[in-house]
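J.: Protein chains in written order, with my numbering: chain R, 955 to 1236; chain C, 955 to 1236.
These aren't lab readings, by the way, just hints derived from the structure by calculation.
These figures come from a predicted structure and were not determined experimentally.
It is possible that part of the hints are untrue.
[Claimed, not checked] SDA-like cross-link-like pairs, simulated, lysine to any residue; straight-line CA separation at most 25 Å: (1) C:LYS1112 x R:SER1210; (2) R:LYS977 x R:PRO991; (3) C:LYS1193 x R:SER1210; (4) C:LYS1077 x C:TYR1178.
[Claimed, not checked] Pulled a few chain R residues facing chain C out of the computed Cβ check, cut under 8 Å: (5) LYS1040; (6) VAL1100; (7) THR1103; (8) THR1105; (9) VAL1108; (10) THR1138; (11) ILE1150; (12) SER1155; (13) LEU1185; (14) ILE1195; (15) SER1203; (16) ARG1222; (17) GLU1223; (18) ARG1225; (19) ASP1231.
[Stated by the list, open to error] What the simulated footprint calls covered on chain C by chain R, stretch by stretch (three residues with Cβ under 8 Å from a Cβ of chain R suffice, anywhere in the stretch; the number is not a length): (20) 1104-1112; (21) 1174-1180; (22) 1192-1199.
Here a beta-carbon is modelled for each residue, glycine too, at the ideal position from N, C-alpha and C.
2 protein chains.
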Amino acid sequence: MKVENIAIVGLGLIGGSIAKALKQNTGYNVLGLDIDPLVCDDAKKDGAVDRIIKPENLSEADLVVLCLAPETAYVFLKDYLKYIKKSAILTDVCGVKRWVVEKFGSMCQNGPVFVGGHPMAGKEKGGYANSDPLLFINASYIITPVESTPTYAVDVVKEFALNIGCKKVTIATPDHHDRMIAFTSQLPHVLAGAYIKSPVSRQHEGYSAGSYCDVSRVAALDEYLWSDLLLKNSDYLSKEIDILINNLSSYRAAISSGNREELISILREGRVLKEEDNKESI
Amino acid sequence: MKVENIAIVGLGLIGGSIAKALKQNTGYNVLGLDIDPLVCDDAKKDGAVDRIIKPENLSEADLVVLCLAPETAYVFLKDYLKYIKKSAILTDVCGVKRWVVEKFGSMCQNGPVFVGGHPMAGKEKGGYANSDPLLFINASYIITPVESTPTYAVDVVKEFALNIGCKKVTIATPDHHDRMIAFTSQLPHVLAGAYIKSPVSRQHEGYSAGSYCDVSRVAALDEYLWSDLLLKNSDYLSKEIDILINNLSSYRAAISSGNREELISILREGRVLKEEDNKESI
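So here's chain R without its partners, still in its complex pose (with noise of 0.2 Å):
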């Protein structure tokens, strides 16, 4: 399948970026949709896209990438799928993908080809104006096709995501996406703010160093986009929550009980498990 023309759909921090490195890496034909003008303007001025297009103009694109939230997206589609050609392959970057696939794919069962995405990168600060060619630089592009899905479409969206920087595509089931992306991504980014709601976490200054930051940097989040995506994963993300309440507990016990040797083991397990880890990303 040849693909010349591609509509990013959304022109936010993901969107935005995709379409940055897209005109900077490839000569496709990058088509723009935003729901605000200025954001179409700036693209335009900056160069991220040829064009900027209405919904109906849809129709030229041979790939067309929806870069919205969940619901956005499904809300997206109800209104404007049937301008996208029969043709064509529809994906999105959601960080959630057994709604999305599942949605989706029975929206497209008469074409275009869904295939589910998801670009693992990001910034705490969302928006065009935050956008990055580079934002994917070393990142790892998950996509998750299912048994219908056929071959050439999961090729030309492998192609894409390499083309927009990634350097490792990770082909994963709905199901295992949501699993991992529950511990990896969305339990930091509630551990963010029930860390800093510590009450003595507002008189930080000049007590914290690296970990301080560490922990509490995800914690300016989008809340609508992040309830939408967590709220997608709930049954995975509880349990997760669930096994760090748990392990939290052990250490816990330990330190107010005063088990030395308990406390030892239990600190010597955690290291053990990050040095592995060190070594295998190396």
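Position chain C against the provided structure of chain R, taking the given hints into account.
T.: For chain C alone, kept in the frame of chain R given last:
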């Protein structure tokens, strides 16, 4: 008071970095003492110290800096305090201050003057091999005098802190230090281990971005040092673990019950706190 000779007891990550920073930034005579003869050889070879000394030679030092874990420092002082001259200043770099200040302070009632200190810097990997003269650049240094501590002694430690590269000195009571540090440093260390123990953690490759690395980073700690530090602050640390578990439970409840309004509200609270925090640190 005129300081000419500074003795560094323990040439690990912190002691080694202090010695190197002093040699790089000042004209003091730096005397080093370590239990490991290989470390002593390296420190001499690197020019991190002017001389390696034995405990008996501590009498030459005007300022003695204990760079040992609390219990080890205590054992060291029991044996060798007698060699430190009464007119000298003794300080430490331990991460807990109530226990240290009370214990060492009462041992030093007839001199030398003891002043508690804590540089807010570190690395996941300890030992002399990882020491770095730039470790304290941009770090804050906390000094915890008590009522009876003479001002000149605090000033000497303050100058020392600035000399090794710290950008800011904070004066606090031992109690306030320990309360803050439980949250800003000890809790993230406990958390890193508790987080990385999730069963899915070992399959994270391909599914992780910055937040996974940030939260898990400090799991690679020295369990002997850290068990000592955590247990000597068990009251404040247990309280912080409880607060965190409690906050996590609020997120858990909103997520598992699908209460989007509540979830948006608690996510927003976290974002606002972090944004205020970011503003303050600009």
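J.: Give me the numbers of the hints this structure contradicts, sorted from smallest to largest.
T.: Hints 1, 5, 6, 7, 8, 9 and 20 contradicted; others consistent.
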